[in-house]
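Q: Take a look at the letters that make up each chain.
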Amino acid sequence: MCLAIPAEVIELLPDQMARVSVDGVGKLVSVALLDELAIGDYVVLHVGFALTRIDPEEARRTLALLGQLGAEVLA
Amino acid sequence: MKYVDEYRDGKLARGVAAAIARDSDPARNYALMEFCGGHTHAISRYGLEDLLPGNVRMVHGPGCPVCVLPVGRIDMALQLAAKPNVTLCCYGDLMRVPGSRGNSLLRAKAAGADIRMVYSTLDALVIAEAEPSRDVVFFAIGFETTTPPTALSIRLALKRDLGNFSVFCNHVLTPSAIERILACDSDGVRIDGFVGPAHVSTVIGTAPFRRFAQDFAKPVVVAGFEPLDVMQAILMLIRQVNDGRHEVENQYIRAVTEHGNRIAQAEVADIFELRENFEWRGLGQLPDSALRLKDAYAGFDAERRFALDDISASDNPACECGAILRGVKRPAECRLFGTVCTPETPMGSCMVSSEGACAAHWSYGRFRDHARRKTA
Ligand code: SF4
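If you're matching them up, the sequences are chains R and U in order.
Each residue of the first sequence is one higher than the one before, counting from 1 in the working numbering.
Each residue of the second sequence is one higher than the one before, counting from 1001 in the working numbering.
This is chain U alone, in the form it adopts within the complex (with noise of 0.2 Å):
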């Protein structure tokens, strides 16, 4: 595929990972997160790490949109799913996320809710359209590369007459969730750079990452989502370390620009506003770090329209998502990890996506380890 395959040739890959291993100073460590539930996969997939010396550490961050979801934005949505009247759609990754005591949207579905996997907000309107009798709710997640979708669903709508459709909305914005990191470094990982989300920047640009750059004084390269992206933005995190240089680099030279998709930003600023506080899993509560619809659509909100009060749930005890999210612990040592836990039957939300950090670990990562082991 164009855009792809000399994207992963293992050639050029292993030219990249000399370099990675002439530059890097074997004096010190590099710990590097990889916000993007994109660039994890990745990552596991290619086996990148294995190029990697030993003193560079990926560390996964919380990007995934999926992992990121607290329970009680799951209950909710199971409340809605049970009114009779309701068609939930939502993306296929959402079917199998745990709720409280066990429930995901699949088993709701299996009991007879009428929950539909859709591929985009188009297929919902679709739905809307021609089940006029159903009150249809997307329950919408995500970063800002799903959020513009979401907004046009919301205006084709409106210009539709739709009056039976409705978001149930979720959308969580990427700064605050890096800077909650930064301003928590303390508790155990000390980040040296961060690799920039790919497809959330072609939308928001290379801009707000300033900020962290300078505040936090801390190097961000934004990559694409094949492998040599990754490793290309590797070496170039490693050279701002040792340079002692912290600005915000462009890797996806051919997909974003500085200031990003300004008819994205302006469908987004139309539709939505700022919600005080949101709650993130494994992050707790973030200030001004996600989005709800504005008052002008109140009626195509479904929090407002089914008047649903806010569910705080807490997850399995025994589920180390959080502190995996925050970068503080890795899969493997979780104890649930490959025995009660698999993606077939998920204990948390790192386990659901193919972008989670257990479930990429669990498809690419153990084998990797088990090799490593078996060679030491």
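If we strip away everything but chain R, and leave its shape as in the complex, we get (with noise of 0.2 Å):
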């Protein structure tokens, strides 16, 4: 139940409802937990609920460390 997926923002839609794509599948959900929404945004999706936006500069910065600390140990 606390499994939540990232979704990409499709189509903004009335009474704060977007159109999202899981992996390719299209889903109706709720955006009123979020504000200043933009089309092509990840959010994180819970219940039908976009809870939060992904942060695309973060997670490249988190993928970067997981790779350096690789990197240390194994060179």
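Worth flagging that the hints you see were computed from the coordinates, not collected in a lab.
Under the rule of at most 30 Å between Cα atoms (straight-line distance), these lysine-lysine pairs were calculated in the BS3-like manner: (1) U:1159 / U:1294; (2) U:1159 / R:27; (3) R:27 / U:1109.
Here are some, though not all, of the chain R residues that point toward chain U, as calculated from beta-carbon distances under 8 Å: (4) 6; (5) 58; (6) 59; (7) 61; (8) 63; (9) 67; (10) 70; (11) 71; (12) 73.
Cβ atoms here follow ideal geometry from the backbone N, Cα and C, with glycine treated the same way.
Hints given; two lone chains; assemble the complex.
A: Next up, the structure:
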């Protein structure tokens, strides 16, 4: 139940709803808990609601750090 | 899938595992509790324990909302569902949770009760709108992640004038449960640090965990749900323990901020207030650990609307869920595990949800244990 998935915003609809794509599968979800959402943003989806935006810059930093951790030890 | 696959990369995982092996001190043990069912699931599914040195042990905490719901609340839901005019809507995980005398929502449904599985509170609203003659009750459970969607459903019901919609509220709070575990640190487990919840933290932020880090001198690292997220958090915790630090750190920076989702927090604060006490399976009565609807929304509160009395019922006496949820026992130490109790015939709530410690061990862990014994 806690499992939540990343989804891409495809279309913003009236009544704080949006169409999102989860790995190519379209879904209608509520975006009432987020403001200033744009098409192309990624959000974390949970029980039909977008909970938070995924920050692409921070995501990139985390991956870079993960790569670096291993590189240090395995070098 | 973007933001998923890259955090499951095996090569990166081996790198982080090597860093953990290098940084962990062989002269001591590390007991790290992952609070959240999502982490328990990731640890079991990807076999992360196999990547950790023997002195780093993961303790599965009580962060699976289905697992901490006491029998009495299931019995109350069954009472609701037995009323001829009630349509009870719930998340799928709840259907097989055992109530008293082997009853469950699934059995009640088979016997004719109007119980419907929904994916979202919005689906329950659609049912209430389409069937005005039914009293539609949403069986709300979950931690801070699931509470804002319930709050919004009440606001929408008010706006759409849906007088036939109400909520049976069982929402609980993460910090209270962590506090309880820290307070009973004496009964067998010593936890050196916590992997903090992922999606709960998207809502509440990292700030509420500061209290534990300070008052109980325990490090907390908020982590995402992918295997690499969990591995990195473990490394961060080990480094904190080694340095004698107890800080709140954030591994899940791509989704979690210090103060969380303020819109969601405001929605929840508007609709709900603290209950003085609430029973948790395995942890007992915890003060200020759950929410109920404010008086202004009493009409949407199923407990008041249907004059439900609190029911306190006991677990199957052989079920060790309580000790497992406190981190004192492991699933395989329960004598019902895998014999009488399986996901098809769960005897306790930990076997029901895929995030429960027993179900996770059933699906993934037991083969690993077997392989380990064989090679030993
Ligand atoms: S195996 Fe079943 S009976 Fe034993 S603790 Fe887990 S859920 Fe309870």
